[in-house]
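*Asks:* Spelled out from the first residue to the last, the chains are:
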Amino acid sequence: MNPSSHLLRTRPSARRLWLWGLLLAPFLLLGLLGACVASCFRLSADARAVRNELIKSSGAEWRQQIALNAGWLTLGAVRAGLSCVRLDPAARAALQSIHGAGVGIYQLPAGTPPPNRAAMLVAADSAMTARGWERVVGVIDARDLVAVYFPKKVPMHRLKCCVLVFDGKEMVLVSAQGNPEPLLEYALAQPGLGDRTGRLARR
Amino acid sequence: MKTVIPYPLAVAALTAGLAFNVLAGLSPGQVDFGKFTPPGDGGQFVEVQIKSNLLSLAAQLIEKQQPDVAKLLRSVQLVHVNVVGLTDENRAEVTQRVRQIQQDLAPQGWEQTVTVQDKNGPDVGIYIKTRGEQALAGLVITVIEPKGQAVLVNIVGDIRPEQVAILGEKLDLKPLKDVGAALKDAVPGK
Numbered sequence: 001m002n003p004s005s006h007l008l009r010t011r012p013s014a015r016r017l018w019l020w021g022l023l024l025a026p027f028l029l030l031g032l033l034g035a036c037v038a039s040c041f042r043l044s045a046d047a048r049a050v051r052n053e054l055i056k057s058s059g060a061e062w063r064q065q066i067a068l069n070a071g072w073l074t075l076g077a078v079r080a081g082l083s084c085v086r087l088d089p090a091a092r093a094a095l096q097s098i099h100g101a102g103v104g105i106y107q108l109p110a111g112t113p114p115p116n117r118a119a120m121l122v123a124a125d126s127a128m129t130a131r132g133w134e135r136v137v138g139v140i141d142a143r144d145l146v147a148v149y150f151p152k153k154v155p156m157h158r159l160k161c162c163v164l165v166f167d168g169k170e171m172v173l174v175s176a177q178g179n180p181e182p183l184l185e186y187a188l189a190q191p192g193l194g195d196r197t198g199r200l201a202r203r
Numbered sequence: 001m002k003t004v005i006p007y008p009l010a011v012a013a014l015t016a017g018l019a020f021n022v023l024a025g026l027s028p029g030q031v032d033f034g035k036f037t038p039p040g041d042g043g044q045f046v047e048v049q050i051k052s053n054l055l056s057l058a059a060q061l062i063e064k065q066q067p068d069v070a071k072l073l074r075s076v077q078l079v080h081v082n083v084v085g086l087t088d089e090n091r092a093e094v095t096q097r098v099r100q101i102q103q104d105l106a107p108q109g110w111e112q113t114v115t116v117q118d119k120n121g122p123d124v125g126i127y128i129k130t131r132g133e134q135a136l137a138g139l140v141i142t143v144i145e146p147k148g149q150a151v152l153v154n155i156v157g158d159i160r161p162e163q164v165a166i167l168g169e170k171l172d173l174k175p176l177k178d179v180g181a182a183l184k185d186a187v188p189g190k
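Line by line, the protein sequences are chains H and C. Here the first sequence stands for residues 1 to 203, numbered as in the numbering used here. Here the second sequence stands for residues 1 to 190, numbered as in the numbering used here.
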């Protein structure tokens, strides 16, 4: 077989591929950008799962106030953008620690009787346990409900956490992922930490 | 070749396996308080359960700055706290459950070191399980405040009394210093 004839045969198809690639690239980029923007208004899968269970168990209709999510790409861009800016050390430590975060705020319509918080806690527990999380803190007091979840396997540099707070009217769901080391180093380096923890303990 | 496991043998093996798992799941210093239901009418309910995975993570994080505290955190396997507000509906049931837990501790090798019982005041009990002569395998604190709440605390791990005292000193936490001092006196051989 003549190799030059083979080249002649493949060249036009390769060119066609490039052409298609160039034509499709803007659409792909637009799609990717759209997906990125859409993901900013969508909670993480774990937070969505617990939110759905909470809403179902409460038996009430909730109004979504806000649902924001910033993944590693967004926060990485923010970190890179702010790397040359003079920032407060606490803010910089927080920025270095958080690699992903999401927050959802949901409200009960006025006049809705407060749902059973014990049932909500049980529902949240079952949703999170099924996804490999466990509740570390659970508090029900007066009208408030607070729950803190961590994954059963906790890798040091990719720590995940999910916090639920409900005050009888408004429910806030926060999920975060990151490496707590920079923030903790900053906190422990603060003078008088012992005095302050002592004062808190004596309260 | 077809292998048939006799049904009674399979059931026995499964039961033994499950029983072994249950026994293996609890450390010597761990006490299963069971599940407490939050009071229905807005009563207080707190449950904190920090296991060794999070404790060792915390120890890793503060290793450089506070090695003593990190050492203590590494030696603790579990911190479990239950606070249940007592209401007219649940007072009898919760009090009965806490009393039952207190009664079950002695046959399991727990030693009651502190008892405070007042007719109208709180009923406080501190129980320890020793590991060897100088360390604790676990610590249980029970408090019943008839007009307030029931509190159950279980700390599990290879706890050295002097480590608790060091933690109290480092963080300037008076209650922790007191517990550390009490533990030093309570553990035989110290």
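If you are wondering where the hints come from, they were derived from the structure by calculation, not from laboratory data. Fair warning: there could be bad hints in the mix.
Said to hold, decoys possible - To list a few chain H residues with every Cβ distance to chain C over 10 Å, as calculated: (1) Ser39; (2) Cys40; (3) Ala101; (4) Pro109; (5) Pro115; (6) Asn116; (7) Arg117; (8) Glu134; (9) Val136; (10) Phe150.
Stated by the list, open to error - Taking lysine-lysine pairs in the DSS-like style, the calculated list, with each CA pair at most 30 Å apart, reads: (11) H:Lys169 x C:Lys119; (12) C:Lys51 x H:Lys160; (13) C:Lys35 x C:Lys129; (14) C:Lys119 x C:Lys71; (15) C:Lys64 x H:Lys152; (16) C:Lys129 x H:Lys56; (17) H:Lys153 x C:Lys51; (18) H:Lys152 x C:Lys71; (19) H:Lys56 x H:Lys160; (20) C:Lys129 x H:Lys169; (21) C:Lys129 x C:Lys51; (22) H:Lys153 x C:Lys64; (23) H:Lys153 x C:Lys147; (24) C:Lys51 x H:Lys152; (25) C:Lys51 x C:Lys64; (26) C:Lys35 x C:Lys51; (27) C:Lys71 x H:Lys160; (28) C:Lys35 x C:Lys119.
The beta carbon of each residue, even a glycine, is placed where N, CA and C say it ideally should be.
*Asks:* Each hint needs a verdict: does it hold in this structure or not?
*Replies:* Here is what the structure says about each hint:
no.	hint	in the structure
1	Ser39	holds (28 Å)
2	Cys40	holds (29 Å)
3	Ala101	holds (19 Å)
4	Pro109	holds (21 Å)
5	Pro115	holds (12 Å)
6	Asn116	violated (8 Å)
7	Arg117	violated (7 Å)
8	Glu134	violated (8 Å)
9	Val136	violated (6 Å)
10	Phe150	violated (6 Å)
11	H:Lys169 x C:Lys119	violated (41 Å)
12	C:Lys51 x H:Lys160	holds (15 Å)
13	C:Lys35 x C:Lys129	holds (23 Å)
14	C:Lys119 x C:Lys71	violated (41 Å)
15	C:Lys64 x H:Lys152	holds (25 Å)
16	C:Lys129 x H:Lys56	violated (44 Å)
17	H:Lys153 x C:Lys51	holds (11 Å)
18	H:Lys152 x C:Lys71	holds (22 Å)
19	H:Lys56 x H:Lys160	holds (24 Å)
20	C:Lys129 x H:Lys169	violated (45 Å)
21	C:Lys129 x C:Lys51	holds (19 Å)
22	H:Lys153 x C:Lys64	holds (23 Å)
23	H:Lys153 x C:Lys147	violated (40 Å)
24	C:Lys51 x H:Lys152	holds (9 Å)
25	C:Lys51 x C:Lys64	holds (22 Å)
26	C:Lys35 x C:Lys51	holds (17 Å)
27	C:Lys71 x H:Lys160	holds (24 Å)
28	C:Lys35 x C:Lys119	holds (28 Å)
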